[in-house]
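Start from the sequences, fold in the hints, and give me the full structure.
There are 6 protein chains.
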Amino acid sequence: MLRRRPSKEILAGESADVYFARAEEILRREGLDPLVTMEVFGRADAVLCGIDEAKILIAHVLEHAAPDEVSVEALDDGDTIGPKEIVLRIRARYRQFGLYETAVLGMMAQATGWATAARECVTAAAPQPVISFGARHVHPDVSDTLDYAAIVGGCVGASTPAGARLAGLAPTGTMPHSLVLIFGDTVKAAEAFDRDLGPDVPRIVLVDTFRDEAEEALRVAEALGDRLYGIRLDTPAERGRVTADLVTEVRARLDQAGYSGVRIIVSGGLDPERIRYFKEHGAQVDSFAVGSYISGASPVDFTGDIKEIDGRPIAKRGRIPGLTASPRLKPVDLPTWRAT
Amino acid sequence: MLRRRPSKEILAGESADVYFARAEEILRREGLDPLVTMEVFGRADAVLCGIDEAKILIAHVLEHAAPDEVSVEALDDGDTIGPKEIVLRIRARYRQFGLYETAVLGMMAQATGWATAARECVTAAAPQPVISFGARHVHPDVSDTLDYAAIVGGCVGASTPAGARLAGLAPTGTMPHSLVLIFGDTVKAAEAFDRDLGPDVPRIVLVDTFRDEAEEALRVAEALGDRLYGIRLDTPAERGRVTADLVTEVRARLDQAGYSGVRIIVSGGLDPERIRYFKEHGAQVDSFAVGSYISGASPVDFTGDIKEIDGRPIAKRGRIPGLTASPRLKPVDLPTWRAT
Amino acid sequence: MLRRRPSKEILAGESADVYFARAEEILRREGLDPLVTMEVFGRADAVLCGIDEAKILIAHVLEHAAPDEVSVEALDDGDTIGPKEIVLRIRARYRQFGLYETAVLGMMAQATGWATAARECVTAAAPQPVISFGARHVHPDVSDTLDYAAIVGGCVGASTPAGARLAGLAPTGTMPHSLVLIFGDTVKAAEAFDRDLGPDVPRIVLVDTFRDEAEEALRVAEALGDRLYGIRLDTPAERGRVTADLVTEVRARLDQAGYSGVRIIVSGGLDPERIRYFKEHGAQVDSFAVGSYISGASPVDFTGDIKEIDGRPIAKRGRIPGLTASPRLKPVDLPTWRAT
Amino acid sequence: MLRRRPSKEILAGESADVYFARAEEILRREGLDPLVTMEVFGRADAVLCGIDEAKILIAHVLEHAAPDEVSVEALDDGDTIGPKEIVLRIRARYRQFGLYETAVLGMMAQATGWATAARECVTAAAPQPVISFGARHVHPDVSDTLDYAAIVGGCVGASTPAGARLAGLAPTGTMPHSLVLIFGDTVKAAEAFDRDLGPDVPRIVLVDTFRDEAEEALRVAEALGDRLYGIRLDTPAERGRVTADLVTEVRARLDQAGYSGVRIIVSGGLDPERIRYFKEHGAQVDSFAVGSYISGASPVDFTGDIKEIDGRPIAKRGRIPGLTASPRLKPVDLPTWRAT
Amino acid sequence: MLRRRPSKEILAGESADVYFARAEEILRREGLDPLVTMEVFGRADAVLCGIDEAKILIAHVLEHAAPDEVSVEALDDGDTIGPKEIVLRIRARYRQFGLYETAVLGMMAQATGWATAARECVTAAAPQPVISFGARHVHPDVSDTLDYAAIVGGCVGASTPAGARLAGLAPTGTMPHSLVLIFGDTVKAAEAFDRDLGPDVPRIVLVDTFRDEAEEALRVAEALGDRLYGIRLDTPAERGRVTADLVTEVRARLDQAGYSGVRIIVSGGLDPERIRYFKEHGAQVDSFAVGSYISGASPVDFTGDIKEIDGRPIAKRGRIPGLTASPRLKPVDLPTWRAT
Amino acid sequence: MLRRRPSKEILAGESADVYFARAEEILRREGLDPLVTMEVFGRADAVLCGIDEAKILIAHVLEHAAPDEVSVEALDDGDTIGPKEIVLRIRARYRQFGLYETAVLGMMAQATGWATAARECVTAAAPQPVISFGARHVHPDVSDTLDYAAIVGGCVGASTPAGARLAGLAPTGTMPHSLVLIFGDTVKAAEAFDRDLGPDVPRIVLVDTFRDEAEEALRVAEALGDRLYGIRLDTPAERGRVTADLVTEVRARLDQAGYSGVRIIVSGGLDPERIRYFKEHGAQVDSFAVGSYISGASPVDFTGDIKEIDGRPIAKRGRIPGLTASPRLKPVDLPTWRAT
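Sequences listed follow chains F, R, C, H, Z and A, in order. So that you can map any letter, position 312 of the first sequence is 312 in the numbering used here, and since no number is skipped, the others follow by simple counting. So that you can map any letter, position 190 of the second sequence is 190 in the numbering used here, and since no number is skipped, the others follow by simple counting. So that you can map any letter, position 7 of the third sequence is 7 in the numbering used here, and since no number is skipped, the others follow by simple counting. So that you can map any letter, position 111 of the fourth sequence is 111 in the numbering used here, and since no number is skipped, the others follow by simple counting. So that you can map any letter, position 10 of the fifth sequence is 10 in the numbering used here, and since no number is skipped, the others follow by simple counting. So that you can map any letter, position 190 of the sixth sequence is 190 in the numbering used here, and since no number is skipped, the others follow by simple counting.
Read the hints as simulated data drawn from the structure, not as lab findings. Some hints here could point you the wrong way.
Claimed, not checked - Using 30 Å as the maximum straight-line C-alpha spacing, the simulated DSSO-like pairs for lysine-lysine come out as follows: (1) H/Lys-188 to C/Lys-316; (2) C/Lys-188 to F/Lys-188; (3) F/Lys-316 to A/Lys-84; (4) R/Lys-8 to F/Lys-8; (5) F/Lys-279 to H/Lys-84; (6) C/Lys-188 to H/Lys-8; (7) R/Lys-316 to C/Lys-316; (8) C/Lys-279 to R/Lys-316; (9) R/Lys-188 to F/Lys-316; (10) F/Lys-279 to F/Lys-8; (11) C/Lys-279 to R/Lys-84; (12) C/Lys-84 to Z/Lys-188; (13) R/Lys-188 to A/Lys-330; (14) Z/Lys-84 to H/Lys-188; (15) R/Lys-316 to H/Lys-188; (16) H/Lys-8 to H/Lys-330; (17) R/Lys-330 to R/Lys-316; (18) C/Lys-279 to C/Lys-84; (19) F/Lys-84 to A/Lys-8; (20) F/Lys-316 to R/Lys-8; (21) Z/Lys-8 to A/Lys-8; (22) F/Lys-279 to H/Lys-316; (23) A/Lys-330 to A/Lys-8; (24) H/Lys-316 to F/Lys-188; (25) C/Lys-316 to Z/Lys-188; (26) R/Lys-279 to Z/Lys-279; (27) C/Lys-279 to H/Lys-188; (28) F/Lys-279 to R/Lys-316; (29) H/Lys-8 to C/Lys-8; (30) R/Lys-316 to F/Lys-188; (31) H/Lys-316 to C/Lys-316.
Okay, here's the thing in structure tokens:
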């Protein structure tokens, strides 16, 4: 489950802060290219993500370096990290990799933010599973990364084909409100869904488009019978959101009508606090679909510090010179990652 | 100043929520393809951004639609919008564009979040300018979009070549701490900078790497003389961040030594509140460089609602059927945007 | 609009604090019965209510007093009063009325609490009217008093026949959920309501019993046509209460279907803050039905102080001896009130 | 200890919400009278009260029902209940009892509110006893109900003859300030009290009317000697209320003068928090007299839901159809309650 | 109104921080004694006090300096100052005055804290006067300084002979509780006070020692007649402190008895907020006696910075080298102050 | 370690509240001089201080009393006391000591406030030591008392010679910023310090005057070698105060350079919370120097109550007559204290 080769824009340094390009130019003109050790750390407790993609980039940019002048150590996607813990250490000629600091940090910053938020939801919901479907809140160029990070954080599924492929899973989803609107009736839409899609797609029907949720859930259950996998409750804020009482009532009415096998999936403004609210009120939710809490998570700030130059410990003011003791770091085999 | 043609992954629907692909499949099998009107609105007061990129995508996906069955109306990048205000209205056969709803919303969600956060900083700093340099907090595939959005929000510059190009400007930046560390002395690094780069690059020197900021500022000013454009203060949190008093003192010491022309650029954990702190304490900052407040801004949630099907008003529960009065919308000339 | 003759239990002193009966016994044995002046005041800004009922009681208990030894001055039901303002002053032989202090204070305490809470709702809702229907929260022996007080506080209607009669109005109400449940369908219940009741009863139909409120509102409007006066929204807390968005949507859907004459009555946990929420969000509520905020209002504490005995100013510690300047007090004509 | 037969106004439905009368009229005209089951529950943790009075009312209104069509189950006055717990279940023809829902709920709502507030005070004060004397804050028609509820909540006494009779106790009380004012001296009033009342009335003397409480307590103790049961401290807010220090000082001064048998009763704005304040500061209060905290308690909201019609489970939206498991309910023998 | 010559301990540097003595020793051994300019500023908005005493000290320590090498500029006791405003500037040989920095700062720190707190009370009470009597909270060696500072802050009187003398006033006071306790009766104590003290001492009698304040106030007024200047209310916290209602009641009872000329002085835990409470509640207090709010005020932190050495601007990090523009400073004539 | 003989101003009653002098005059004229017992207590949990100085004063003022009419019991400096605990009990003729109540209370009030604040810092810092240097915030006449109280509270050192002498210690201190400014360089100042002062003075050098603290610390360590005892960090607020990270970095850089024996002393706005911040962040501070938190502590309010007169228990209102059980009090041998 891994992201592909870096784009040619990234390799060209187009996404680098310009001052790295200037530093490269100055050092070239001055004929300087020391052997430096850079350490990278984050600023918060987090679930690390994006570092595997960064390893691929580093493996490419250091492709032509002298082997004895290069060593890379790192943690892995999915590792839990603490504030200021070193997650990556690169030893190489500065001009070979300095330009890519922005890209490396950026790959980790967003993905780690997303994976960490996903983990919070997953922890709140356990043992019930969480699905991520926040693609609509991020640029389509990174929606696959979002989905991958959500799964690294513990989600059991995500909603885009590209993201699912990156994570080695099938995408997850129900039906959009637009489908129900076009059919003009929830049951008709459910029946077409059931008629037209392959048996591998679980029949999960959205029941809040036109009528009362409890009423629609029963109508759909009658129409699809055993083939109905579950119903999704997504009551809009204008109608008071999905409440724990609604879940309990729908569950009871389905059970009373003999449909105790039909699962209830809840979505709509979920976050860890709201997930806990459902669980504390005893609402039997079978799975939670989370959007903007994960996709809107702020990036985790990562920083790269030069700590050794040509073997001498050094550091800017405010930091401690020399390598940081980091027993969890593992050597990164660059050829393997280059071949990914 | 515009983003390019959509990637083939986007056009292939790889970044779409899978349920749109399923809806497409069902409608195709059922032989349905109604003429629908979809309206898109955001959930907050915001500076709209990403809609111009969305127009290009829409122009491409509707390329082969019958002209009399298509109309698109929209606002523009940079417009100030209110909650629930309609920013985009598409009238077309549903199957021609339904699959791209995720991509369209995603383009606007992140960019609008960034532009809005940038505007807050710009407003707080005015009349002093703001520069955005948050590329290190986002994936390199979207760092150009971040920079573009920051400039739409009012920043006068951004730090990546790709982002600057998108916004039609030259990238902005000073020098990294790593350069100073490699030279081992701020003045030596500054002299190399001055010696090696073309005259179009303003000489802005970072003065907090090794020694006291006030001391270094004076040493650099003596070394570069009139050629010194400004100094950047970026005192790390470990040393108490940049304070208003530090700015005032450095300004006073530079002035007393005859360097009143040297500008002071401040960076390090800035947000609108911190910017106002400097201004309220009378610190004469010449420009503010903002990172994670802009790059870490949460996306603004956008929603697409079908409001008419084959001419009949319709809406899901919680919404009002039919078109929303939206006098600010302007027709979008699709061929023009396709040609961008 | 006035309450009846005091019950024989009240006149017998059964509802008096026992220490007043003891004081009466002691004074009788000691042969003391001074001419005293008692002043009564409340502890809060309030809408005075219950004092007219108290006047009737006082008129009865002082029936056989020597006319020159009796004077009563008072304010009226509906007057706005301030903390510590004198609302009632009785000058008479102490043993003639001392025993009734508890009853007099009690009549005013609850009714003033209710009228004051009603006024707060009325002020928040103006110009839209407020109806009180809190009878279910108070003992049936005082539900008429509650209704009367709510109307003194500005409500345009109340729900019990006894209360309405006391206030000189017809009672107000719609239909209970039980009626809809028995008919098994909102429209059938509405049709029976329309068929069976006289034309003086406005057709207001409850629309949240079985199905979505917007759907039912349209069904009822179609069934009753012009005869439908209004619909009542009373969505239970389990379904997220009535929201401003629901009102706006139902209003829009009714208007789009040509039923702009159908009024919207809202109920369910209303208080001044919730009423203001509807108005601030522009929800076009035609009238508000308030229950427990009025019926559950705490009594306003009233106190009776003896301020003169046989012409000499006196007071207990903490109070100022002698009569309090009270220009708003008006003489009470006891024979008239006795005849009520 | 039970309330009497319902008044003829209650039996005539005068205190019912008018919509119940209308429902009755409609059902009569439509020839409908199904066998329904109604369940009643409250909304809060509470001490249940008023349900015994409700049983008498129900016993009367169902007097002529066919025995096999009637069953009533209920909890009892004094039971501790939780939110949404069923406290009463009636199965009967709807038209036989529907009209009395308002009265039944109202009997329970106020009394339960009062009993619950009393329980809070009793718990805070234990093992010292609490007396309720809030009659002056409620209408004299319900002051007996208030006193009864306070005793159900755990108070050892209440102040009105009617209330005490309902609870099977003698009323409790000291002397009013007016008695002291008429005698012009606390000691003279205390001596008359002692001279004129039977030995069954405990001599409790109010000591804050004219002079310092400690001074008066000693004067009264000297005057009445062993016959003095206790003194009451009721310092007005204008003089800083009764404080824990005042109690401690009066206790110490009484003890020093040899009057350690004289009890101290405290009143004046007491609530559970204030009672705890006395106990936490070690003030030796012998009993607490509570007024408006109990009498001003808001009613507890009770709701009646129809859950079965002619044997079929049913419920309005938001509730779960069918009977609620309620193992604590006990059958109510209607003839016995009718004979009360 | 001025403090005396500095003590010999102060002149000997006994109260100096020891590092100043060491600096002096080092400079002496190194043969250094530059001409320096020191500026002193405070850290808060304040009423400056203690600076006049500091001028006397400085005048003494610079007695033998070469006149052309000495200049002192300063503000005065009673001046209102802002944060970081220069209040004192000394130009002299460092070794002549460096040792006295601790003493100079200390004289100003405490006195300025006290004067500022006094000013807050005076502002709250205006136009009614404030008296300071906090001597019991400070060491007797500085109680005169406290009283002086309170008067500089606007108090009309203070309670110690030494303090009053320093401020050029007669001391102010009433009588202690101990006097009343010894006489065993407030009236007897008041009569002795009246009999034994000269006519210049206003007869202000404390009325809360044994009995109710209102009762005692009237007894004292009857006993002393026109000779009674005022009564002091000082109800202890154990009895609920002096309340606005108590003042109003005592005022009313005195007026009703014909003693409208008797003033009311209030004491006991007063601070600006409590003073405003009396005024907002309309209590007619004639003067306020404040203790610990003034005497317990924290010192205002003053700092001395060297800003010029032998004519060159200099400063430590964090400060701006060279003299601060300070147009309010006035030259200090040292011989005059030496002669004080 | 004891304070000297009371000053003649104190013995003359100059620092007494004037009403004690008046009481003395009245009693003299009336020929009254009862044998009274006064008890003194504080109002807060505290570390008692100043009572030993008060014993000396009392020993002097009671010098000529008849031995059988005098007894004094007390606690000692350094005892931990609770609110209202008796700390001093004097039995003597009133006129012999009444005048000194103000002085006695004042000696304890300030010193106890200071000692208590010192104890809080000491507790927060343990096992690292605390030094007090707040002399600059108090009048030089009491700076010795401040230092003594700080040491009673647990500080290991204080900064004035007079204070240190009182506590039987040598004064503690480093060097002032002014010394560094005069030498123009931290290293030059340090070298002169080292050259000119005796070996008993530990070489502690201030390192924040001109350059970065870490840089200066290393320069000073190189210059003084093993003779350097420690460095003091006192970064001004204008530069972000001393942070835990700064301490950690300076420690690491000193250790890396082989100077692990050099201690780090921190000062600048320290209080218990800030001290805990350093410890919780793992900053290895070797000692803390506290200024205004101790010197600016508010006095603890002490009160003297007469509880017995000529053998009879008595008290003013609000207090309990007679002696308070106080088993911790110990007899004070007056001749011994007089001889101090």
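Hint-by-hint comparison with the structure:
no. : hint                   : in the structure
1   : H/Lys-188 to C/Lys-316 : 15 Å, holds
2   : C/Lys-188 to F/Lys-188 : 27 Å, holds
3   : F/Lys-316 to A/Lys-84  : 57 Å, violated
4   : R/Lys-8 to F/Lys-8     : 15 Å, holds
5   : F/Lys-279 to H/Lys-84  : 19 Å, holds
6   : C/Lys-188 to H/Lys-8   : 34 Å, violated
7   : R/Lys-316 to C/Lys-316 : 69 Å, violated
8   : C/Lys-279 to R/Lys-316 : 24 Å, holds
9   : R/Lys-188 to F/Lys-316 : 15 Å, holds
10  : F/Lys-279 to F/Lys-8   : 47 Å, violated
11  : C/Lys-279 to R/Lys-84  : 18 Å, holds
12  : C/Lys-84 to Z/Lys-188  : 38 Å, violated
13  : R/Lys-188 to A/Lys-330 : 74 Å, violated
14  : Z/Lys-84 to H/Lys-188  : 69 Å, violated
15  : R/Lys-316 to H/Lys-188 : 81 Å, violated
16  : H/Lys-8 to H/Lys-330   : 28 Å, holds
17  : R/Lys-330 to R/Lys-316 : 26 Å, holds
18  : C/Lys-279 to C/Lys-84  : 34 Å, violated
19  : F/Lys-84 to A/Lys-8    : 64 Å, violated
20  : F/Lys-316 to R/Lys-8   : 44 Å, violated
21  : Z/Lys-8 to A/Lys-8     : 15 Å, holds
22  : F/Lys-279 to H/Lys-316 : 24 Å, holds
23  : A/Lys-330 to A/Lys-8   : 28 Å, holds
24  : H/Lys-316 to F/Lys-188 : 26 Å, holds
25  : C/Lys-316 to Z/Lys-188 : 26 Å, holds
26  : R/Lys-279 to Z/Lys-279 : 39 Å, violated
27  : C/Lys-279 to H/Lys-188 : 62 Å, violated
28  : F/Lys-279 to R/Lys-316 : 28 Å, holds
29  : H/Lys-8 to C/Lys-8     : 15 Å, holds
30  : R/Lys-316 to F/Lys-188 : 15 Å, holds
31  : H/Lys-316 to C/Lys-316 : 58 Å, violated
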